[in-house]
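K.L.:
For chain A, the structure is supplied; the task is to place chains B and C on it using the hints.
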Amino acid sequence: METTAIEWIVIVLVSAVKMGTPILFGTLGGVISERAGVINLGMEGLMLIGALTSFVVKLYTGSTILAVSAAAFVAGAATFLHALVCISMRASQIASGLALTMFGTGVSGLLGDSLTGKTVAPLMDIKLPILSSIPLIGKIFFMQDALVYFSYISVAVIWYLLFYTRIGLNIRSMGEAPEVCDSIGLSVMKYRYAAVIIGGMMVGIGGAYFPMVLTSFWVDNLTAGRGWIAVALVIFAFWHPGKAMFGAYLFGAAISLQLRLQLIDIKISPYFLAMFPFILTIIALIIATIRNNKKKIAVMPASLGEAFFRGEKH
Amino acid sequence: MKVFRLHLLLIVAVILAFTGTTVFGKDIKDLKAAFIYVGPIGDGGWTYSHDLGRKHLEKLGVTTSYIESVPETDSIRVIRNFARQNYDIIFTTSFGYIDSTLTVASEFPEAVFMHCSGFKTAENVGTYFGRIYQAKFLTGIVAGYMTKSNIIGVIGSHPIPEIIRHINAFTLGVRSVNPDAKVKVIWVNAWFDPSKEGAAADSLMDDGADIVSITTDSAAALKAAEKRGKYAIGNDSDMTLYAPSAHLASAVLNWGVYYEYIAKQVAAGTWKTSKDWWGIESGITDIVGFGDMVTADIREKVNKKKEEIIAEKYFVFQGPFNKQDGSPAVKEGEKLTDDQIWSIDYFVEGVVGSLPKS
Amino acid sequence: MIHIFFEKRLYSSGFIRIAITICAIIFALLAGGVFLYTIGVNPFSAYSNVCSQIFTNKWGIEDLLLKMSPLMLTGISVALAAKMRLWNIGADGQFYMGACAATWVALTFGGSGNSLMLLPLMFLAGVTAGALWIFIPAFFKAHFNVNDIITTLLMNYIAISLVDYFLFGSWRDPNSLNFPITALFPPAAALPMIKNINLHIGFLIGIFIILLIYFFLEKSRFGIYVNIVGNNPNAAQYSGVNKKRLIILIMMISGAIAGLAGVIELTGVHHRLQQNISLGYGYTGIIVTWLSRAHPLGVIFNAFFMAFIFVGGEIMQMSAGIPVAMIYLFQGIILFSVLGSDVFAEYKLKIKKTA
Chain A
1 METTAIEWIV IVLVSAVKMG TPILFGTLGG VISERAGVIN LGMEGLMLIG ALTSFVVKLY
61 TGSTILAVSA AAFVAGAATF LHALVCISMR ASQIASGLAL TMFGTGVSGL LGDSLTGKTV
121 APLMDIKLPI LSSIPLIGKI FFMQDALVYF SYISVAVIWY LLFYTRIGLN IRSMGEAPEV
181 CDSIGLSVMK YRYAAVIIGG MMVGIGGAYF PMVLTSFWVD NLTAGRGWIA VALVIFAFWH
241 PGKAMFGAYL FGAAISLQLR LQLIDIKISP YFLAMFPFIL TIIALIIATI RNNKKKIAVM
301 PASLGEAFFR GEKH
Chain B
1 MKVFRLHLLL IVAVILAFTG TTVFGKDIKD LKAAFIYVGP IGDGGWTYSH DLGRKHLEKL
61 GVTTSYIESV PETDSIRVIR NFARQNYDII FTTSFGYIDS TLTVASEFPE AVFMHCSGFK
121 TAENVGTYFG RIYQAKFLTG IVAGYMTKSN IIGVIGSHPI PEIIRHINAF TLGVRSVNPD
181 AKVKVIWVNA WFDPSKEGAA ADSLMDDGAD IVSITTDSAA ALKAAEKRGK YAIGNDSDMT
241 LYAPSAHLAS AVLNWGVYYE YIAKQVAAGT WKTSKDWWGI ESGITDIVGF GDMVTADIRE
301 KVNKKKEEII AEKYFVFQGP FNKQDGSPAV KEGEKLTDDQ IWSIDYFVEG VVGSLPKS
Chain C
1 MIHIFFEKRL YSSGFIRIAI TICAIIFALL AGGVFLYTIG VNPFSAYSNV CSQIFTNKWG
61 IEDLLLKMSP LMLTGISVAL AAKMRLWNIG ADGQFYMGAC AATWVALTFG GSGNSLMLLP
121 LMFLAGVTAG ALWIFIPAFF KAHFNVNDII TTLLMNYIAI SLVDYFLFGS WRDPNSLNFP
181 ITALFPPAAA LPMIKNINLH IGFLIGIFII LLIYFFLEKS RFGIYVNIVG NNPNAAQYSG
241 VNKKRLIILI MMISGAIAGL AGVIELTGVH HRLQQNISLG YGYTGIIVTW LSRAHPLGVI
301 FNAFFMAFIF VGGEIMQMSA GIPVAMIYLF QGIILFSVLG SDVFAEYKLK IKKTA
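Protein chains in written order, with the working numbering: chain A, 1 to 314; chain B, 1 to 358; chain C, 1 to 355.
Only true hints are included.
What follows is a set of in silico ranges between Cβ atoms, one per label pair, in the way DEER data are often shown: (1) C:Phe216 to A:Val180: 33 to 43 Å; (2) A:Ser114 to B:Ser176: 32 to 42 Å; (3) C:Gln275 to B:Asp345: 17 to 27 Å; (4) C:Thr108 to A:Phe272: 16 to 26 Å; (5) C:Ile351 to B:Thr63: 46 to 56 Å; (6) C:Gln275 to B:Asp339: 23 to 33 Å; (7) C:Arg245 to B:Asp345: 49 to 59 Å; (8) C:Ile351 to A:Arg166: 30 to 40 Å.
Everything labelled a hint here was simulated from the structure, so no lab data went into it.
C-beta: ideal position from N, C-alpha, C; glycine also.
Bound-form chain A, shown alone:
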């Protein structure tokens, strides 16, 4: 069975999209949260919570829509803890995020204990009419499953919301200058809570992608560190949903290539392939920061990581 080079690349990219989608949801969640000034290092824990919730709901109801909604809801509820501790109670966002990862790993491991050997039906791919007949692009992007399509919509909606609406401007301002927002009468608390929890819900959906599409079952620690990759990709994406998409697929391609290069006997160390995206991110961040320093525009949310309390100077 001979495949041409182009066919081979298409196959790699199809699987890059699949492997990249859970990371994309996670990264989008991180983008929303961090745009409002709150870092979430708890993504790995949230993904596990989302994955387990969706699996259990699908197992008992058979409905993917219910399963994914439940994953979003429960992950959002868990993120509330993070929001409470680091927005209201002013604790370190970084320490609180680490606590959230421990909590999520623990709670999912404990409650998922009895599910060994159970499976759900995987989500099947749907060919989109017209779009799927575009050469190359059609096969890569438009012969995927419903959750992948949902991720496209999410990227578009979040992009639009963040950059073309009043609400988006307000959210971004929370991450840049919360004092100013407060002085013009916007509630920093409300916006930050909303952004962090919605972000957490997206991460939960990313977790749901594992049992819904990639594995069809639950095991302890199912996400195997993808949440941490999403944490890094938020930066890679420069807090932008469009670039998040590119980053997530790049990472998906790195996984896919690690596997498929072995079959055509091209030897690249998998460990270098694994570290490549991170080296690229650091270089990109440095270049962008230097360039933007000259133009005097911020490359990242200026108040990222800082708690805000009314009437206090930092």
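P.N.:
For chains B and C alone, kept in the frame of chain A given last:
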């Protein structure tokens, strides 16, 4: 390497039956056994299979305790803590515990330490493993009969001798009934990463494989095969439930029989250090869970081969067979020794895939 | 409508802080107790069992101090940077690189004659590697204000892949069936033990480094600069401090300490390089720093506290058969509770009714 065979087992069992365990030492119910696991019990594979063994001991009345998800780098404290609490036997169930087990054992000469999949022993440290490669060979026979494309995929975790041995045994099984078939190997370069294992299965099937076999723990590859209407073979525990329509068979480990044997030895005071490598005749490993698509004819042929292995008329690594590059590995009428099987670092002919240079 | 808000306390004493932390721990123990009760474990006997096993025999304490040793060093590493309002999220990566460089020394020179020099060389290599691993983030932070949280975090991922590359490549021990572990180091590469206790001297090194940093920050002229820059970045330029150089220097010291933690763990406990040589010690160091408000002496106490949570969790697993997931859950709850409580040390909760 000293190996216990069935008859030896029987003799021991008979002696025990006549003398009664309480005459020599304590009753098995007075024993305390500890287990140290490298992964969570919920991994559905390696640790799960050991925990089934622990539960078997519990049923016999042995007091057991365990700690799961103990990283190799933290194992010395955990093993020591069990030893301090006067556990009679401590089972350390990952290769990476090798030196921490020996270190703690030297500090606590009274306790018995059993290290799984290792090779270093001491006066109070024994090692043990099951010859699951025999079951792998038998699953290879099933795959050899069932493949239509003559391409069979195998997913490997990391290229260590244990995994290489299993891939070789599987390939020898395939080629013993279907010399034209090829076995393609993909390394996921991770100990545990279910979604990546699923993607690896997809890569293999894209490359023409119609059967996927795994050396990893999760059933992700089986689900991927089921989704495409292809076949798959499970590892460590019976994976039928995960993908009933794709599951040809699983090569499994039943630690319970071995743990019971060791517990009785320790209770009777007759335990001596050894390197135990039990085979399919003891029941520690087996091929189970044949799918409906595996015809009675094939099952019969597999069972016949199993009987030959038990009767020591057939050895998995018996000559003649070649290395991957076609150079002879073992000549007609010869076979690999246990030490050679244990530390095998090359692929046999029929495997397509590469090993890192060492 | 009811408004709930925080009002800053006029003064916040150490006493209030300690009292509140204790309340938070009690709250967490109660919350965790509810979870224990639901899985059929009596929380009171589980807790008393943990305390009796740790504090009534020599072993429990030894275990605790052993686990505490790396946490003190990663904690002080992160805390030193935090004094300058710098974030070293990369202590884990520096830990790995410290261990990695020391391993290179041991594998290269371990076989040759001069065994007296081996251990010092390993320490030198590890400390240097830790400092160098943070150099890129430090340099670009100082000169171009490239975000340090992010660059140091990303360096962790690279460090772990790099260690994997060596472990699965040329460093594999042929005598260990090509398993990804290096050969055992010669005895000359082992850290000496403290007399009569089963504990390596890394523990004492940790205490010493923390005291050193404490006096450096409190008593030296240099430490005063650090405090000036940390408290008010803008004031620095009037005091004649070269802020850029100070940032690079402090971050590299921070990296060096994390690298030192790696060497100590390697030479004191493992005597060979393997995967997971850091069990998230760099990240736990961040928690230690936050809980101690970057105060060096607080680092000792909180490293002890974190070690207690880990060791206590193990004892619960061992004696009551509680699954490891329960332990993670427990640790998460305790952390949330202690982190959340901190606010009450500086603020009062006020409830007001408004029309």
